[in-house]
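Q: Now for the letters of each chain:
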Amino acid sequence: MARKILFVTTDQQRYDTLGCNGGVLSRTPVIDALAAEGIRYERAVPQSVVCMPSRSTIITGQHPSTHGVWMNGVPLPVDAPSVAAELNRSGYKTALIGKAHFEPFMDPFGRFTENMLARSGESTFDNSWNDGSVGPHRGFDHLEFATHGGAGMLHYAQWLAANHPESIEQYYSAIDGLFNVNATGGGDTGAPQVHDNPIPKDRYHTDWVADRTISWLDSLGADDDWFCWMSFPDPHHPWDPPMSELHRVDWREVPLPEGYLQSREERERVLDSKPRQWRLWYDGELVSNYEAPKSWVPATLTDDQVREVNARNAIECELIDEALGRVLAAIAARGWDDDLDVIFTTDHGELQGDFGLLFKGPCHVDALMRLPLVWRPAPNANMKPAVVTKPVGLIDLAPTFAAIGGLSPAGWMQGKRLPIDDGDADDRGFERVLTEWDSELFGVGVHLKTITRSDWVCSVYAPGTVHDGTEGELYDLKNDPLQFNNLWGETASAAIQADLVTDLLDNLPELRTPRLQCEAPV
Amino acid sequence: MATVRRDTIIQRSASDVWDVVGDPATIHQWFPGMVDCTVEGKSRIITTRTGLPLPEEILTIDNSIRRFQYRVLLPVITHHRGTIDVFDIGENRSLVSYATDCEPDAMALIIGGATGAALEELRSQLESSKEN
Numbered sequence: 001m002a003r004k005i006l007f008v009t010t011d012q013q014r015y016d017t018l019g020c021n022g023g024v025l026s027r028t029p030v031i032d033a034l035a036a037e038g039i040r041y042e043r044a045v046p047q048s049v050v051c052m053p054s055r056s057t058i059i060t061g062q063h064p065s066t067h068g069v070w071m072n073g074v075p076l077p078v079d080a081p082s083v084a085a086e087l088n089r090s091g092y093k094t095a096l097i098g099k100a101h102f103e104p105f106m107d108p109f110g111r112f113t114e115n116m117l118a119r120s121g122e123s124t125f126d127n128s129w130n131d132g133s134v135g136p137h138r139g140f141d142h143l144e145f146a147t148h149g150g151a152g153m154l155h156y157a158q159w160l161a162a163n164h165p166e167s168i169e170q171y172y173s174a175i176d177g178l179f180n181v182n183a184t185g186g187g188d189t190g191a192p193q194v195h196d197n198p199i200p201k202d203r204y205h206t207d208w209v210a211d212r213t214i215s216w217l218d219s220l221g222a223d224d225d226w227f228c229w230m231s232f233p234d235p236h237h238p239w240d241p242p243m244s245e246l247h248r249v250d251w252r253e254v255p256l257p258e259g260y261l262q263s264r265e266e267r268e269r270v271l272d273s274k275p276r277q278w279r280l281w282y283d284g285e286l287v288s289n290y291e292a293p294k295s296w297v298p299a300t301l302t303d304d305q306v307r308e309v310n311a312r313n314a315i316e317c318e319l320i321d322e323a324l325g326r327v328l329a330a331i332a333a334r335g336w337d338d339d340l341d342v343i344f345t346t347d348h349g350e351l352q353g354d355f356g357l358l359f360k361g362p363c364h365v366d367a368l369m370r371l372p373l374v375w376r377p378a379p380n381a382n383m384k385p386a387v388v389t390k391p392v393g394l395i396d397l398a399p400t401f402a403a404i405g406g407l408s409p410a411g412w413m414q415g416k417r418l419p420i421d422d423g424d425a426d427d428r429g430f431e432r433v434l435t436e437w438d439s440e441l442f443g444v445g446v447h448l449k450t451i452t453r454s455d456w457v458c459s460v461y462a463p464g465t466v467h468d469g470t471e472g473e474l475y476d477l478k479n480d481p482l483q484f485n486n487l488w489g490e491t492a493s494a495a496i497q498a499d500l501v502t503d504l505l506d507n508l509p510e511l512r513t514p515r516l517q518c519e520a521p522v
Numbered sequence: 523m524a525t526v527r528r529d530t531i532i533q534r535s536a537s538d539v540w541d542v543v544g545d546p547a548t549i550h551q552w553f554p555g556m557v558d559c560t561v562e563g564k565s566r567i568i569t570t571r572t573g574l575p576l577p578e579e580i581l582t583i584d585n586s587i588r589r590f591q592y593r594v595l596l597p598v599i600t601h602h603r604g605t606i607d608v609f610d611i612g613e614n615r616s617l618v619s620y621a622t623d624c625e626p627d628a629m630a631l632i633i634g635g636a637t638g639a640a641l642e643e644l645r646s647q648l649e650s651s652k653e654n
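Order-wise, the sequence lines are chains A and B.
Each residue of the first sequence is one higher than the one before, starting from 1 at the first, in the numbering used here.
Each residue of the second sequence is one higher than the one before, starting from 523 at the first, in the numbering used here.
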């Protein structure tokens, strides 16, 4: 019998939303306990700060340049490498329950497996694997999907339609009448994508994902080895947790985030020190990617709106923590706990008021790039609790899953199994992590690559419609943890800038050719 | 209004490609996600795999320049024009361009995004039938 793997992801969750990472708004005792028993990573970095490329990195263990999913809307080919397929081939039962998003949601033609599976009544479809064989879709022999609301074609939406149709409209409509990301405000402050959702908590997608995970686990034999990716759609916007839970965090008492400068003058001075897309987005003059509401102007964001967004986000994080607790209790009741590895992380962060911005965009700073990551190894593996300060990436998850399953890393994996402490990180060369951004939306192209190394983050911009290729960002994380001071181009930092740029260019990942096409907005 | 264009080169003559593209009743045989198609005069109704009916108006079938144009007629779409051009580029090869002009903008990506896969399927079918 091998170790069992519960892989838990959330969507768009900041590092500082967990108690174990110093967060004070949301209570996350379940994850905090896993961190205390296991390994907590203080500098976990995504390879993309949007969903589809980042999730594709998780499953393939490859950089976006290599797996080819350069932005939302670009589908990951069905025969892309998959660590789930590796585990499945070795005898693991495999499931993905919740938000997958390797394929676009907007799919009126029904071209993508994720969208067509729910109505089929099947647990999975057979598809090609990267080695030319045929097996369950992306290596998962059980798939049940959900996303951020109650509408659509996925399993959760179908379940809601069949059992509680009145709840579909209770959710915020993430898309407006023009098929753009909705900018409509709600709650007490009118903040965009905030909405009072009367749905009962036990129908909300967070509880549904946990319920379906428990149901799948119940279907397994006592001696089965399994890998379950439990993927919560929250705390990604819209911020519409069940109204019954709003009492948990009173937005009026929420302190403003350190990254949110109350002084407009100071905020805009910081924005102006960064490459120009920052200020253009803030002023409502540029939306470079579909994920940010086109008709919302960040400069209109108020202090109270920041408070309310953060409050609702914290509530969603609490609900996830409690749902995870229920799943862990069900696993313990099966007697599996000593053999169980739990890894908790997210796909990318959320600006959540930092620099006067919400959502996500071409902004490679901690708000989007410093992620919560906790690995509680199976107790019978006898690993010591640790805190890892060296940089690791989501690209390192696939080889970690393989290692837990007793497999050698596949040749196509570009990362390394996660270090178990800083000494292990030093011994195995965890020095740098790369992050990429490529967006092309209706003639607006933004392209940057970033290296995170030691106490520095450095971004290089390629020529595009907004940049001429000379722009960059350089932050000293130790002395400027909020990334307010862009040191790019300053004489005093010229040497470290040159060194980081060289290091970045020397380590660029293999480029997939031909380039995959964007086939939908998201 | 937004515009999306996809193109491909097919190892078949422009005449062979136009025989397929210029026949409005057979698009569901090469456009992934379309499962049925009926044509009456200038009216075409597509049914997608999700069960969505897409009523369309055929605007142009020009055999001389090998151009096919149509527009989707849905209340949520204020403007749409799909244009497929087949160019003879010599040596028994064709360049096929599939343009989508649409409002609202996001719909250009939703509809136009699928046209790349359609051209790939068209290329695959025509080149494999040539081999056979």
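Treat the hints as calculated values from the structure; they're not laboratory data.
As the structure is a computational prediction, the values presented were derived from the model and not from experiment.
Just so it is clear, CB atoms sit at the ideal spot from N, CA and C, and this is done for glycine as well.
Hints should not be assumed to be uniformly reliable.
Claimed, not checked - Okay, the calculated beta carbon distance ranges per label pair:
id : chain 1 : residue 1 : chain 2 : residue 2 : range
1  : A       : Arg89     : B       : Arg615    : 14 to 24 Å
2  : A       : Ala151    : B       : Arg615    : 27 to 37 Å
3  : A       : Glu490    : B       : Ser650    : 22 to 32 Å
4  : B       : Thr600    : A       : Arg326    : 42 to 52 Å
5  : B       : Ser650    : A       : Lys478    : 52 to 62 Å
6  : A       : Gly132    : B       : Ser651    : 17 to 27 Å
7  : A       : Gly469    : B       : Leu617    : 45 to 55 Å
8  : A       : Gly335    : B       : Pro577    : 33 to 43 Å
Q: Please go over all the hints and tell whether each is borne out by the structure.
A: Right, here's what the structure says about each hint:
Checked against the hint of 14 to 24 Å, the C-beta distance between Arg89 of chain A and Arg615 of chain B comes to roughly 41 Å, which is inconsistent with it. At roughly 45 Å, the beta-carbon separation of Ala151 of chain A and Arg615 of chain B lies outside the given 27 to 37 Å, and the hint is violated. For the pair Glu490 of chain A and Ser650 of chain B, the beta carbons lie near 59 Å from each other, so the given range of 22 to 32 Å is not met. Between Thr600 of chain B and Arg326 of chain A, the C-beta spacing of about 47 Å keeps the proposed range 42 to 52 Å intact.
Checked against the given bound of 52 to 62 Å, the beta carbons of Ser650 of chain B and Lys478 of chain A, roughly 59 Å apart, stay inside it. For the hinted restraint 17 to 27 Å between Gly132 of chain A and Ser651 of chain B, the CB-CB distance of approximately 24 Å keeps it satisfied. Between Gly469 of chain A and Leu617 of chain B, the C-beta spacing of about 31 Å breaks the proposed range 45 to 55 Å. The hinted range of 33 to 43 Å is not satisfied by Gly335 of chain A and Pro577 of chain B, whose Cβ atoms lie roughly 59 Å apart.
Of the hints listed earlier, those the structure fails to meet are numbers 1, 2, 3, 7, 8, in rising order.
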